[in-house]
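K.L.:
Chains as they are written, first to last, in this note's numbering: chain A, 1 to 350; chain B, 1 to 350; chain C, 1 to 350; chain D, 1 to 350.
One or more of the hints may lead you astray.
Identical copies carry no separate label here, and so any pair may be met within one copy or between two of them.
In silico DSS-like links for lysine-lysine, alpha-carbon gap of 25 Å or less [stated by the list, open to error]:
id, residue 1, residue 2
1, K335, K31
2, K200, K171
3, K264, K31
4, K271, K225
5, K315, K134
6, K31, K12
7, K31, K349
8, K300, K264
If you're looking for bench data, these hints aren't it; they were derived computationally from the structure.
Only a predicted model underlies this, so the values are computations on that prediction, with no experimental measurement involved.
Protein chains: 4
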Amino acid sequence: MPNIKIKRERVKFASDNVTGACPEVLEAILKANDGDSTPYGNDQISTDLQNKLSEIFEKEVIVFPIASGTAANALALATMTPSFGNVYCHRLSHINNDECGAPEFYTGGAKLVNLQGINGKITAEELNESISGKGIVHHTQPSSVSITQVCETGEVYQLDEIKKISEVAHKHNLNMHMDGARFANALVSLNTTPAEMTWKSGIDVLSFGATKNGCLAAEAIIFFKKELVGNLGFLMKRAGHLLSKMRFVSAQLDAYLENDVWLKNAKHANKIGKMLSDGLAAHQEIEITYPTEANEVFAKFPRNMIEYLNAEGYKMNEDELDGKAVRLVAAWNTKEEDVNHLLKTIENKN
Amino acid sequence: MPNIKIKRERVKFASDNVTGACPEVLEAILKANDGDSTPYGNDQISTDLQNKLSEIFEKEVIVFPIASGTAANALALATMTPSFGNVYCHRLSHINNDECGAPEFYTGGAKLVNLQGINGKITAEELNESISGKGIVHHTQPSSVSITQVCETGEVYQLDEIKKISEVAHKHNLNMHMDGARFANALVSLNTTPAEMTWKSGIDVLSFGATKNGCLAAEAIIFFKKELVGNLGFLMKRAGHLLSKMRFVSAQLDAYLENDVWLKNAKHANKIGKMLSDGLAAHQEIEITYPTEANEVFAKFPRNMIEYLNAEGYKMNEDELDGKAVRLVAAWNTKEEDVNHLLKTIENKN
Amino acid sequence: MPNIKIKRERVKFASDNVTGACPEVLEAILKANDGDSTPYGNDQISTDLQNKLSEIFEKEVIVFPIASGTAANALALATMTPSFGNVYCHRLSHINNDECGAPEFYTGGAKLVNLQGINGKITAEELNESISGKGIVHHTQPSSVSITQVCETGEVYQLDEIKKISEVAHKHNLNMHMDGARFANALVSLNTTPAEMTWKSGIDVLSFGATKNGCLAAEAIIFFKKELVGNLGFLMKRAGHLLSKMRFVSAQLDAYLENDVWLKNAKHANKIGKMLSDGLAAHQEIEITYPTEANEVFAKFPRNMIEYLNAEGYKMNEDELDGKAVRLVAAWNTKEEDVNHLLKTIENKN
Amino acid sequence: MPNIKIKRERVKFASDNVTGACPEVLEAILKANDGDSTPYGNDQISTDLQNKLSEIFEKEVIVFPIASGTAANALALATMTPSFGNVYCHRLSHINNDECGAPEFYTGGAKLVNLQGINGKITAEELNESISGKGIVHHTQPSSVSITQVCETGEVYQLDEIKKISEVAHKHNLNMHMDGARFANALVSLNTTPAEMTWKSGIDVLSFGATKNGCLAAEAIIFFKKELVGNLGFLMKRAGHLLSKMRFVSAQLDAYLENDVWLKNAKHANKIGKMLSDGLAAHQEIEITYPTEANEVFAKFPRNMIEYLNAEGYKMNEDELDGKAVRLVAAWNTKEEDVNHLLKTIENKN
């Protein structure tokens with residue numbers, strides 16, 4: 001890729017996507033490799049997954065396994081937003097900032113209407129004030145709302161916040177999407193059920209993330225409102241996201257969900273995140289900029305400390321998220337000693 | 001996926017995509033899983049892959065690993081075809097018939113101009129006659145040519161055929177794309193080199209397939225003409241095909257290429273294909289409809305034999321490819337005994 | 001437009017679009033210019049037009065006046081064809097050959113499936129055989145059929161031909177579009193009613209052409225099946241085809257329809273077309289290649305006669321329509337003496 | 001258009017697009033109607049227009065006449081913004097709010113980045129701070145800047161403001177677009193030259209509006225930077241905006257420019273606008289909310305006065321432009337007595 005600068009990210013604490021897969025997921029891939037199977041998701045594992053997720057969400061859901069979170073978001077939005085539609089989202093949201101316009105590509109040119117929100121979360125009030133122009137041919141049409149759970153500042157939407165936003169959306173006949181790239185981390189943070197955090201709070205379609213929390217490349221688009229599925233099968237195939245050996249995506253998700261592996265992984269990551277946050281907060285020169293509610297920590301460091309840490313190999317990236325803070329992420333496999341090493345490195349500076 | 005009928009394919013001999021990964025590829029995934037790594041293809045394995053493929057193709061190539069063959073084709077075409085462009089291809093081609101309009105989606109609406117060809121292959125003559133309208137604002141503009149190697153009737157383009165087609169394309173300032181979903185099978189069939197079968201014969205961009213021949217989900221877009229890369233990085237990200245843990249795609253390709261695993265797999269599949277073709281041809285009531293030049297066999301069966309085989313679990317699909325024949329595909333792991341079982345089942349009919 | 005070669009067309013007999021507007025239409029523009037009016041088609045003239053066309057078509061129709069025939073076709077098709085849909089049409093059709101991919105642009109990438117037809121007309125039989133793949137996720141989906149009336153070889157679809165094609169289309173749940181760029185010429189040729197030639201024969205949506213037959217820039221998309229209108233208002237605005245001073249388009253159409261101006265113009269053009277055709281046919285060296293059924297004449301001339309006529313200022317263009325013939329078109333204002341001049345010029349050659 | 005609510009606008013002072021054409025323009029249409037002419041803009045009038053505009057702008061420009069201002073804007077932006085690009089514009093801009101997503105449609109999904117600006121104008125400083133992410137594959141790419149002259153609050157960008165914005169844009173390799181829907185009104189307001197207000201201040205491409213100021217349907221895309229033209233010819237045809245009888249658009253523009261008709265019309269409209277603004281400002285209960293710098297007046301009225309005026313037939317629309325004010329627009333043909341009538345009606349209220 002010669003003429004493209006790719007953002008080089010720090011490996012340690014840089015993101016939860018620097019990790020590999022957890023052992024249970026790897027084993028499932030090996031097991032799925034035995035024997036032949038019908039391609040394109042018409043296999044037993046994919047069928048079973050549908051049932052397993054219906055049980056977990058306490059409702060019959062329609063599931064589309066997919067290898068990419070960006071594609072999951074964009075395809076989900078394309079089922080609820082016409083080319084002339086508005087998607088209401090936080091100005092910092094991943095769909096708005098970090099997907100190179102994937103929602104626009106998949107919807108055929110919809111408009112992402114940026115809400116200011118409070119910290120990383122949109123509010124029902126601002127949403128309500130922003131929706132306008134319905135039925136007027138000159139204006140793009142209010143169509144859908146997307147929230148990220150865990151959101152882009154590491155905070156978690158509370159159930160009543162989701163409900164209020166959903167109420168506004170549904171009052172205006174808009175559909176609700178949740179970008180759940182870190183769904184498990186939010187879930188264990190809220191100590192609630194998958195059903196409560198989604199359709200019982202008004203979510204219509206979910207991008208269910210698993211890659212960051214222990215899979216290799218596995219996500220799912222989950223429909224709680226079946227009539228929204230529409231032509232997704234065709235859109236997905238047309239985008240090259242209907243993998244021929246789809247059973248290997250399904251197999252990852254199956255193992256991820258089996259025996260609460262996903263919850264175990266997320267609990268660990270959140271615990272390490274908290275430990276890291278507390279450790280940094282204890283330092284006089286470091287300011288935690290957003291409440292640490294899951295596995296992401298946002299902190300302001302003095303300039304010379306950033307340089308020092310970079311020299312030590314930590315390559316902190318100050319530019320992220322509005323220039324306000326450095327983001328540090330704990331993953332399913334981050335160790336307590338990794339946190340201790342970072343804290344001690346900071347300690348050793350002076 | 002409730003409201004979508006998905007084409008159910010026969011498992012045995014149905015396609016080479018019913019298989020899993022070969023042992024070398026699986027092992028590479030396990031190995032890549034050790035330790036953390038920068039995401040989005042900025043890892044060591046992906047960098048090394050670039051070099052490895054440059055060696056194999058005897059030329060510095062630009063490589064984009066990708067999980068999907070359909071996406072590889074469509075993105076490759078999007079680098080050489082504007083929204084108002086023409087892609088010249090065989091009417092039976094995968095890009096025209098089996099990708100639900102992916103090339104149209106990725107190019108923003110280009111036109112696939114169907115050539116009749118001879119059997120499954122287009123000819124330089126027909127291509128030359130079909131190119132017209134250049135520079136005239138009322139007509140979509142001739143932009144690219146795409147050929148499939150192994151083509152959709154199981155035949156393989158000879159080097160001089162590729163060269164003649166490329167000459168016509170380049171004479172008209174069109175770019176040449178090869179859909180190499182079964183690249184290895186064609187290569188060992190022709191007993192030639194990767195360089196000879198591609199850029200030395202005028203190919204500008206290659207969709208290098210590996211999934212069907214022993215990977216889980218791994219393909220690559222390979223540029224021989226670097227200036228065509230253009231904005232591919234952005235288009236790929238925007239489509240959700242820049243996987244965060246891309247190193248696992250690269251690792252599959254690396255293992256696939258190492259120690260000639262790919263050639264070994266393809267030779268085996270072609271050998272089994274030939275064995276199957278010969279076995280069927282020996283039967284009085286069965287007609288081989290296209291020459292078996294790689295791992296795909298096309299044959300006409302009497303109606304009652306199809307019904308019989310379906311009853312025996314073989315579910316033959318007569319409707320494929322213009323209704324002319326049933327397609328049977330040998331894979332990297334198809335066994336001689338699988339062929340013998342099929343032939344014996346046929347034998348036992350009478 | 002510096003880097004674009006624009007196809008230079010012969011003025012005399014080159015097309016019916018070389019003409020201006022007929023006096024009745026011009027007068028209507030002058031009249032509409034008096035006083036202010038609400039923009040964007042919310043004016044009295046536009047409202048009245050809706051009623052006038054409902055009367056003419058003996059059915060309550062929904063009308064969208066528009067300045068461009070290409071846009072009328074593409075927008076009409078976009079209401080009945082998803083991005084992953086197939087439009088079945090003649091290989092020579094204007095939508096396929098002469099609109100630079102407008103249908104693909106407006107549908108978001110649909111596929112125009114080319115039928116061979118007989119001369120310029122598709123047949124119900126070929127259409128029926130071509131429709132396949134419905135519901136299978138790998139294939140673009142059969143969605144609509146488009147026929148051109150007068151068709152691209154100057155022939156006119158007979159009512160029973162339209163009915164048979166519509167029956168096949170509707171049997172497969174496809175919608176029927178008619179590109180009526182020369183609607184009036186076909187109508188007077190068949191000596192039938194607007195209703196008979198459209199919805200009574202199964203047409204669902206019509207591109208009603210008027211520019212070629214006496215307007216400046218005025219066409220209309222007419223819906224006989226109201227539920228197909230869908231989001232057309234938004235699509236049209238989004239494309240820049242909802243003109244602010246739309247009443248001037250409506251005013252042209254109103255005058256065009258009033259007092260049978262449109263039928264008078266078309267009868268004249270057809271009469272001149274017949275006269276031209278007969279005159280050319282009488283010449284030994286000239287071959288009429290398609291039956292002259294409206295105002296277009298297709299004829300083969302000897303090479304040296306073409307050169308001679310070009311030298312005389314007639315610049316005949318042999319390359320049109322498959323290289324088979326030169327097209328000569330009579331317009332609403334072509335005079336008998338124009339025909340006589342051409343015939344005499346030919347006569348004088350020897 | 002049954003299922004679409006179209007925004008009903010007040011006729012008197014509602015907009016400058018409620019008017020017809022000025023006499024000079026009408027006469028030009030009549031004159032252009034004499035005789036036949038080559039279609040699609042290959043006529044003498046269109047050629048001459050190119051030269052006339054080059055003279056007026058003191059530079060060889062490339063001109064594309066077009067019937068729609070929305071299409072002019074969207075097509076202009078499409079020449080300078082890829083599908084993954086950012087267009088920086090004011091949050092109140094017409095391209096962002098009043099074109100139903102036309103820029104997104106024509107660019108294939110670009111993102112309109114909203115700037116807050118001061119009143120209706122963006123600032124060089126905010127623009128400079130907003131441009132980021134260049135070359136990073138995760139982010140949509142900074143590509144172009146669009147300003148509206150006269151802007152959406154009726155204010156006019158001063159030359160030095162345009163220059164500063166252009167400098168920032170060009171420093172980042174972005175291209176500058178001006179939406180000149182009311183170009184003439186701004187020009188006479190600034191009392192400057194067309195060259196000064198455009199390319200000499202850094203504008204690369206201009207949407208030159210004429211419909212509002214005395215034409216029926218005539219605008220032009222004007223390129224000062226020729227290399228940006230790119231494939232516009234094809235994009236325009238593909239969108240149905242290359243009208244066959246294009247000479248009638250060119251003829252309008254020609255007459256509009258001849259003998260300074262455009263400047264005369266704009267001066268009149270601005271004068272009436274000023275008169276209206278002064279008259280309203282004199283009223284104790286009415287607040288002029290933005291400086292009246294051209295032909296648009298923005299004013300806050302007491303609720304009961306709005307109701308009174310609506311009852312008198314003036315149907316004031318309070319909802320426009322952020323809910324802050326009612327917009328009143330003077331046109332080329334608005335009479336002093338129209339202003340007096342409105343002022344007297346207000347007077348009579350008490």
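K.L.:
Against this structure, judge whether each hint is valid.
P.N.:
Results of checking the hints against the structure:
1. K335 x K31: Answer is between: at 20 Å across copies they meet the 25 Å cutoff, but 28 Å inside does not.
2. K200 x K171: within (16 Å within a copy, 42 Å between copies)
3. K264 x K31: both (22 Å within a copy, 24 Å between copies)
4. K271 x K225: neither (34 Å within a copy, 50 Å between copies)
5. K315 x K134: between (47 Å within a copy, 20 Å between copies)
6. K31 x K12: For K31 and K12, the Cα distance is within 25 Å only across copies (19 Å; inside one copy 31 Å).
7. K31 x K349: neither (48 Å within a copy, 36 Å between copies)
8. K300 x K264: Answer is neither; intra-copy 30 Å and inter-copy 55 Å both fail.
Checked against the numbered hints above, the structure violates hints 4, 7, 8; every other hint is satisfied.
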